[in-house]
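A.B. asks: The primary structure of each chain is shown beneath.
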Amino acid sequence: MRIHPRYVQYGAVAILSGGTLLTLAVLVFIVVFVLEKGLPVLSLDFLLSSPQDMGRAGGIFPTLIGTIALPLLAILIATPLGIGTSIYLTEYTRENRVTRVIRFGTDCLAGIPSIIFGLFGFIFFVTILGMGWSILSGGLTLAFMILPTIIRTSEEAIKAVPKSYRDVSFSLGATRWQTVKRVILPNALPGILTGVMLGIGRSIGETAAVIFTAGSSLRLPTSIFDSTRTMAVHFYILAREGISNENAYGTAAALIIAVLLVNLTAYWLMHWFIAKRS
Amino acid sequence: MTLIGEKGVRRILLATALSAISALLLIALFIIKEGLPFIFHYGLWNFLSSSDWEPQAGKFGIFPMVAASLWVTFGAMVVGAPLGVAGALFLSEFAPRPVMRVIKPMIELLAAIPSVVYGFIGVMVLAPLIRDYLGGPGLSVLAASIILGIMILPTVISISIDSIMAVPQSYREGSLALGATVWQTIHMVTIRAARSGILASIILGMGRAIGETMAVIMVAGNAVKIPHSALESVRSLTANIALEMSYATGLHRQALFATGVILFVVIIILNSAAMVAIRGKAARK
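One line per chain: the protein sequences are Y and G, in this order. Count the first sequence with the working numbering and you get residues 439 to 716, in order. Count the second sequence with the working numbering and you get residues 13 to 297, in order.
Please note that the accuracy of each hint is not assured.
[Unchecked claim] To spell it out: a stretch of chain G is covered by chain Y in this simulated footprint if at least three of its residues, at any positions, have a beta carbon under 8 Å from a beta carbon of chain Y; those stretches are:
1) 64 to 77
2) 146 to 155
[Unchecked claim] Here are the simulated DSS-like pairs of lysine-lysine, each with C-alpha atoms no more than 30 Å apart in a straight line:
3) LYS116(G) <-> LYS597(Y)
4) LYS475(Y) <-> LYS116(G)
5) LYS597(Y) <-> LYS19(G)
6) LYS619(Y) <-> LYS601(Y)
7) LYS237(G) <-> LYS71(G)
8) LYS19(G) <-> LYS619(Y)
9) LYS714(Y) <-> LYS116(G)
10) LYS597(Y) <-> LYS619(Y)
11) LYS601(Y) <-> LYS45(G)
12) LYS601(Y) <-> LYS475(Y)
13) LYS71(G) <-> LYS45(G)
14) LYS237(G) <-> LYS116(G)
15) LYS475(Y) <-> LYS619(Y)
16) LYS714(Y) <-> LYS597(Y)
17) LYS601(Y) <-> LYS237(G)
[To be verified] Stretch-level coverage of chain Y by chain G, calculated; a stretch enters the list once three of its residues show a Cβ under 8 Å from a Cβ in chain G:
18) 554 to 564
19) 567 to 579
20) 593 to 606
21) 638 to 647
If you're looking for bench data, these hints aren't it; they were derived computationally from the structure. Source: prediction; values computed, not measured. All C-beta atoms, glycine included, are put in the ideal place defined by N, C-alpha and C.
Using the sequences plus the hints, can you model the full thing?
C.D. replies: Printed below as a string of structure tokens:
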């Protein structure tokens, strides 16, 4: 029996919309589940007091510092490199073999699993360069990891600046660099910041690459040469070693809130950027 | 920039532009430098095909981990690929534009949730469900497949949507004008025109699934054995590296780096395949 195409379509819409709803339900479930269990534990006191007994009691203050320090260092290193790359690709060269190689490298780097970054950071920064388990090793490793994100988003942002802006600047006698500095970068800034925020978000949530490079010391770091433990690593250790489910949930809630805030800011910046463009 | 001049600026920018490719080469170099001597020493075939992983006894066969990674990745594709493509089709072809503009970023937010959180949800929610209703230890191939399947959804959906939206509107109009329904248009015209992008999204999702570490450690159970059913506990290649790296020394550590080399090669092959799929489409246009 042949089913009327209209009914086939009804069926297809039902299945496709069901799949979409399921995906959204999973997202909502994860966020709600973690917040519901974690928010009762989470408080200013929890964030700002030191952990006791390996994290069984007390708060997560040192891991909060670690979670701020590592992404900050990663961003400080990766942002200039990423913006430089995107300026070079968009403003200083045409598509040729060199740009293809650069793009291929960027795409490949984006696909490398974080455990490989961890292995590399461990052997290169921690061991060979003798930086030990430290904020420095972890920050450098994360910088490598988020570089592709920053390059891609900055490139999109710079490409979105209308060509007429460049023409006007050049016609006024500005050099290429003056045009980039005074016209293109200020106009592309919100888009570039989106990439930076996405990079921060990824660094905050990262575990595999961080645990082998920054270590997991619970002491409060005093310099970038000290080992530190980020919230993500702390959460992993609490949950996996069954130290304290309660504190694990609290840490997870802090982690999710941080990641969501950073990513929503990124999204808002991009929205603002697009609104300004059109 | 009078201090360095235009030429100097260009040189500096070129230097920064080489940072990503240099980073990639540096990573490849040091992983290979640590791992390749072991592969030569132990023999690639021996390393991949032997089932005995007993580092203390000098036995380094990673076949159980290879099997585990393949099963878990396959499972993740079974869960994630249809769901992801379904979501992408619905959002790009049926949902009103404003709805899509709200939902697409929400789904991309799924990608931002740290993998340890996914793992934790797997342990606290999914594994007990599997244990109670299907049997086995709960932490299993099935649990890992479902969690990884969810984790690759943003990759599959986001890239698929981009490729479906890139299909020229005139294709759809042509099909509709011939009397096809919207669904007939989608599965006879749109999907075919966008298939290389959809394929690329699935390949990239696969790369993510193979490379994922923390979530798999938490939900797959980590027993070193070849699984005979989806309810058994397994240890993936990535999990093996992460679990043993902290105390491994000498040959054992080299064996873990050699595992890293294998992973690295697989990922580069998958990424290149995805890039060829995307570029092939661009070339046809």
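A.B. asks: Against this structure, judge whether each hint is valid.
C.D. replies: A quick look at each hint next to the structure:
Only residues whose beta carbon comes within less than 8 Å of a beta carbon in chain Y count, and the segment 64 to 77 of chain G has 0; fewer than three means the coverage is violated. Under a criterion of three residues with beta carbons nearer than 8 Å to beta carbons of chain Y, the stated coverage of the segment 146 to 155 of chain G fails, only 0 such residues being counted. For the proposed pair LYS116(G) and LYS597(Y), the alpha carbon gap of about 22 Å is at most 30 Å, so the pair holds. A C-alpha spacing of about 27 Å is found between LYS475(Y) and LYS116(G), which places the hinted pair at or below 30 Å, so the restraint holds.
In summary, the hint linking LYS597(Y) to LYS19(G) is supported, as the alpha carbons are separated by about 22 Å, within the 30 Å threshold. For a cut-off of 30 Å, the pair hint linking LYS619(Y) to LYS601(Y) stands: about 15 Å separates their Cα positions. For the hint linking LYS237(G) to LYS71(G), the alpha-carbon distance of about 14 Å falls within 30 Å, and the restraint holds. This hinted pair checks out: LYS19(G) and LYS619(Y) have alpha carbons roughly 15 Å apart, not beyond 30 Å.
A threshold of 30 Å between alpha carbons decides the hint, and for LYS714(Y) with LYS116(G) the separation of about 21 Å falls inside it, so the pair holds. With a CA separation close to 15 Å, the supplied pair LYS597(Y) and LYS619(Y) stays within the 30 Å bound. Simply put, LYS601(Y) and LYS45(G) have alpha-carbon atoms about 46 Å apart, too far for the 30 Å limit, and the pair is violated. Between LYS601(Y) and LYS475(Y) the CA atoms are separated by roughly 51 Å; this puts the pair beyond 30 Å, and the hint is violated.
Our distance criterion of 30 Å between C-alpha atoms is met by LYS71(G) and LYS45(G), whose separation comes to about 21 Å. Taken as a hint, the LYS237(G) and LYS116(G) pair is broken in the structure, with Cα atoms around 39 Å apart against an allowance of 30 Å. At roughly 48 Å between alpha-carbon atoms, LYS475(Y) and LYS619(Y) are farther apart than 30 Å, so this suggested pair is violated. As the CA atoms of LYS714(Y) and LYS597(Y) are separated by approximately 14 Å, the hinted pair is consistent with the 30 Å bound.
Among the hinted pairs, LYS601(Y) with LYS237(G) is inconsistent with the structure: their alpha-carbon atoms are about 59 Å apart, more than 30 Å. Coverage of a stretch by a chain is defined here by at least three residues with a beta carbon nearer than 8 Å to that chain's beta carbons; for the segment 554 to 564 of chain Y and chain G the count is 8, and the condition holds. Interface restraint, the segment 567 to 579 of chain Y with chain G: violated (0 residues with C-beta to C-beta distance below 8 Å; minimum three). Only residues whose beta carbon comes within less than 8 Å of a beta carbon in chain G count, and the segment 593 to 606 of chain Y has 0; fewer than three means the coverage is violated.
Check result for the segment 638 to 647 of chain Y against chain G: holds, 7 residues qualifying (beta carbon to beta carbon below 8 Å, three or more required).
The earlier numbered hints that this structure contradicts are 1, 2, 11, 12, 14, 15, 17, 19 and 20.
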